[in-house]
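*Asks:* Okay, here's what each chain looks like letter by letter:
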Amino acid sequence: MIDRTVLKEHLVKWVLVAFALSSLLFLFLIFIFILAEGLPLFLKVGVNKIIFGMKWAPTKGYFGIFPMIISSFLVTIGALIIGAPLGLSCAIYLSEYAGKRTKMLLKPAIELLAGIPSVVFGFLGVIYIVPLVRSYLGGSGFSLISTSLVLGVMILPTIISISFDALVSVPRTYREGSAAMGATKWQTIFKVIIPSAKSGILASFILGMGRAIGETMAVIMIAGNALKIPTSILDPLRTLTGNIALELAYATGDHRLGLFSTGVVLMVIIMILNYVANFGIKRKIAK
Amino acid sequence: MRINPRYINRLVRMGLNVQAYFTVGILIIIVAIIFFKGFPHTNFAFIFSFPEDMGREGGIFPSIVGTIQLALLSILLATPLGLGTAIFLTEYTKESLFTKFIRFGVESLAGIPSILYGLFGFIFFVIKLKMGWSLLAGVLTMTIMILPTIIRTSEEAIRAVPRQLRIVSYSLSASKWETIKKVVIPAAIPGILTGIMLSIGRAVGETAAIIFTMGSSLRLPLSLMDSGRTMAVHFYILAREGISMEKAYGTAVVLVLSILLINILAYYIMNKAIARYS
Amino acid sequence: MSFRHWVILLPLIAALLSCSAASNDKPGKKHTVTIAGSTSVMPFTEKLAEHFMVDHKNFIVDVQGGGSTAGIQATINNTVDLGMSSRPLKGEEKRLNTITICYDGIAVVVHPDNPVGELDLDRIRQIFSGRISNWRQLGWVNRKIDAVSREEGSGTRGAFEDLVMKGREIDDGTMVQDSNGSVKEVVATDPYAIGYISMGLVDRKVQPVAINGVKPSIKTIKSGRYKIVRPFLYVTNGELDPKSRQFVDYVLSKEGQKILKNEGLVGFYD
Chain A
1 MIDRTVLKEH LVKWVLVAFA LSSLLFLFLI FIFILAEGLP LFLKVGVNKI
51 IFGMKWAPTK GYFGIFPMII SSFLVTIGAL IIGAPLGLSC AIYLSEYAGK
101 RTKMLLKPAI ELLAGIPSVV FGFLGVIYIV PLVRSYLGGS GFSLISTSLV
151 LGVMILPTII SISFDALVSV PRTYREGSAA MGATKWQTIF KVIIPSAKSG
201 ILASFILGMG RAIGETMAVI MIAGNALKIP TSILDPLRTL TGNIALELAY
251 ATGDHRLGLF STGVVLMVII MILNYVANFG IKRKIAK
Chain B
1 MRINPRYINR LVRMGLNVQA YFTVGILIII VAIIFFKGFP HTNFAFIFSF
51 PEDMGREGGI FPSIVGTIQL ALLSILLATP LGLGTAIFLT EYTKESLFTK
101 FIRFGVESLA GIPSILYGLF GFIFFVIKLK MGWSLLAGVL TMTIMILPTI
151 IRTSEEAIRA VPRQLRIVSY SLSASKWETI KKVVIPAAIP GILTGIMLSI
201 GRAVGETAAI IFTMGSSLRL PLSLMDSGRT MAVHFYILAR EGISMEKAYG
251 TAVVLVLSIL LINILAYYIM NKAIARYS
Chain C
1 MSFRHWVILL PLIAALLSCS AASNDKPGKK HTVTIAGSTS VMPFTEKLAE
51 HFMVDHKNFI VDVQGGGSTA GIQATINNTV DLGMSSRPLK GEEKRLNTIT
101 ICYDGIAVVV HPDNPVGELD LDRIRQIFSG RISNWRQLGW VNRKIDAVSR
151 EEGSGTRGAF EDLVMKGREI DDGTMVQDSN GSVKEVVATD PYAIGYISMG
201 LVDRKVQPVA INGVKPSIKT IKSGRYKIVR PFLYVTNGEL DPKSRQFVDY
251 VLSKEGQKIL KNEGLVGFYD
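For the record, the sequence lines run as chains A, B and C. Just so you know, we're using this note's numbering here: the first sequence kicks off at 1 and counts up by one. Just so you know, we're using this note's numbering here: the second sequence kicks off at 1 and counts up by one. Just so you know, we're using this note's numbering here: the third sequence kicks off at 1 and counts up by one.
Rather than coming from a laboratory, the hints here were simulated on the basis of the structure. All C-beta atoms in this analysis are idealised placements derived from N, C-alpha and C, irrespective of residue type, glycine included.
Pairs of lysine-lysine, PhoX-like flavour, derived with a Cα cap of 25 Å:
(1) C:K166 - A:K55
(2) B:K182 - A:K8
(3) A:K107 - A:K185
(4) B:K272 - A:K107
(5) B:K272 - A:K100
(6) A:K60 - C:K90
(7) B:K272 - B:K182
(8) C:K90 - B:K130
Quick partial rundown of chain B residues pointing at chain C, CB under 8 Å, derived from the structure:
(9) G132
(10) W133
(11) S216
(12) S217
(13) S227
(14) R240
(15) I243
Pulled a few chain C residues facing chain A out of the computed Cβ check, cut under 10 Å:
(16) R143
(17) K144
(18) E151
(19) Q177
Taking the hints into account, I'd like the entire structure generated from these sequences.
*Replies:* Rendered as structure tokens:
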């Protein structure tokens with residue numbers, strides 16, 4: 001009897017080990033594959049020519065993705081400008097002002113917003129935002145500002161939920177102590193709560209950035225996908241993600257390797273962002 | 001001149017209030033536009049008939065089926081793998097360099113954008129492993145995509161189970177696996193299910209990774225090697241090519257409705273599971 | 001069986017059922033022809049496939065996009081039966097067999113409300129290379145020209161570069177869309193846009209520009225007056241297998257060519 005149980009226990013353990021190793025294998029597979037396919041071009045053409053190159057014409061031997069790196073960042077910062085203040089305000093409202101019933105209404109609504117597929121955002125952006133920008137601001141409408149607007153809305157749920165978590169984890173004693181010293185609610189919020197939730201809030205911004213920089217479908221529908229660095233918010237632009245999505249189906253040989261190199265750059269940027277953000281959150285928890 | 005802090009208080013409160021409802025308002029507008037423009041075109045026929053003339057006419061049945069197949073098969077593959085890994089990490093190992101390594105891998109991969117999965121899946125599964133554009137390639141890619149989420153949420157849920165429960169179970173001479181199976185996992189089910197529902201939602205709405213692995217055939221996928229569309233892919237193609245605005249909105253309705261239902265189902269299951277097991 | 005077990009079993013059953021749910025209960029084998037490649041050729045192949053399958057109920061013709069290059073690659077790798085290409089084969093690809101199914105004009109299109117309905121080839125070249133950037137320079141309003149192109153690697157773009165740009169590069173500032181359909185959508189909605197698409201896609205949503213005085217149409221292509229023309233090709237690796245041959249024969253038949261003609265392509269019959 002005991003032997004059977006012990007045997008079963010061992011079996012289970014090894015099955016779980018197998019599962020864990022398989023998961024690891026899958027996870028690292030994608031990592032390693034992208035690196036393996038993306039690095040050779042760096043070696044062949046030179047890291048500088050790719051990262052700082054200004055011209056992307058892979059069928060003619062040009063693999064410069066600098067304009068796209070800049071564009072990705074521009075669009076991300078634009079999204080933050082729109083999403084961060086709005087998202088933080090929502091989070092503050094939810095954590096400090098909203099009653100239980102309001103919370104039960106608002107939180108699911110935010111989660112639902114997070115669930116709307118990016119192609120739907122892209123579609124609505126093309127139908128409604130692009131013509132508006134074209135008529136009232138100029139240009140073709142497919143532009144930095146249109147993309148930032150839509151991306152800003154898309155990253156709201158991320159910013160709201162993580163900032164909310166950071167805000168509610170500020171100890172009650174902080175709020176009580178501040179009130180005891182005669183501070184009003186907003187004074188407490190701005191001078192006590194937000195500063196102590198600072199690293200969590202910042203982490204939410206950074207994760208929002210990561211989301212924005214990785215967004216693909218909505219971006220290729222709205223951004224115009226031109227290869228030049230935009231000189232105004234009304235100019236079209238192409239992001240790193242857009243570059244991969246647009247040309248993936250058609251690329252062969254070195255062209256394809258170029259897309260992998262773009263992928264490597266993208267991956268590195270996002271990993272750095274993620275790491276910084278998680279570091280920030282962990283510091284918050286450690287406190 | 002000092003402004004009375006009370007007024008500022010009210011102003012701040014109003015300002016925040018407005019912004020919160022503005023955000024919800026955006027959601028309502030999005031859903032309203034989709035539903036008002038799309039509902040007239042979604043009927044029984046739309047859901048159950050096949051697309052004709054490249055999608056200009058007819059329905060979206062194949063893409064609905066494709067979506068279900070993709071989501072279900074991916075979950076079926078990813079859940080045992082992910083849950084097993086989570087159990088292994090929490091119950092069978094001590095905190096060590098190895099576990100930190102795994103966790104680092106999971107965290108890093110959680111942020112990888114879907115287009116990179118599409119890039120990987122296309123070159124690795126579709127071309128190098130010669131699967132062609134197929135349900136299989138799509139499922140494998142999607143499985144890898146949702147694996148980090150399932151591992152992470154399961155791990156958190158299992159960790160959150162109080163130690164006392166385990167101790168009591170051992171003291172009743174239950175074996176390790178029995179404890180896990182009958183005590184720990186049931187207690188962690190709400191969290192685990194959340195991860196699963198989140199992943200299903202992602203699978204349903206995902207486009208970039210799917211269009212390059214599962215393809216865009218209008219056919220009904222009858223085997224793993226068949227290509228097909230999911231609703232999200234079909235919607236994207238209809239919208240991008242300007243094939244039919246009406247059908248696009250109609251597809252969007254079914255798509256958004258499905259995601260809504262999945263979210264609601266998630267809440268329901270979670271509450272039920274919490275009631276049952278705690 | 002507890003609740004948990006059902007949660008696992010039900011989806012499994014559903015997945016398995018859905019996989020076989022709509023399978024035809026007609027007896028006899030089904031022949032499948034898989035075709036992939038150029039997104040320009042794809043909509044027309046789809047149309048042909050639809051009609052073909054009406055008369056040949058035991059055939060399934062599976063059509064996918066992916067681009068000329070991907071289609072050619074897939075044919076070389078034997079992952080599809082037929083590849084579609086909207087550009088001539090290059091280098092290594094030349095070892096495949098090609099079958100020309102029709103000709104397609106490339107139309108330069110503008111918004112229907114755009115008064116500039118005629119341009120000469122040189123002007124078009126200057127527009128797409130960025131030399132001419134404002135409609136004012138062409139006699140219209142003071143607005144930037146929103147030029148739209150296809151992406152690198154596209155057969156349509158390759159043909160446009162060969163036949164129109166003739167060595168001049170397309171400007172970096174032009175917008176890019178990854179299918180003819182979406183280029184057409186941009187031009188149809190932006191009054192200040194200009195782009196190039198497959199002539200077969202031209203309809204009332206966009207206005208084709210007369211190049212050197214000649215508007216693209218089946219007549220002008222056949223007579224040779226409209227010169228921006230490229231062949232649509234099916235490619236195969238080696239000999240055509242019997243089932244693909246049936247489909248190709250249909251495409252090249254009077255009926256198939258008539259369908260193509262209705263779609264705005266130039267076939268072999270009148």
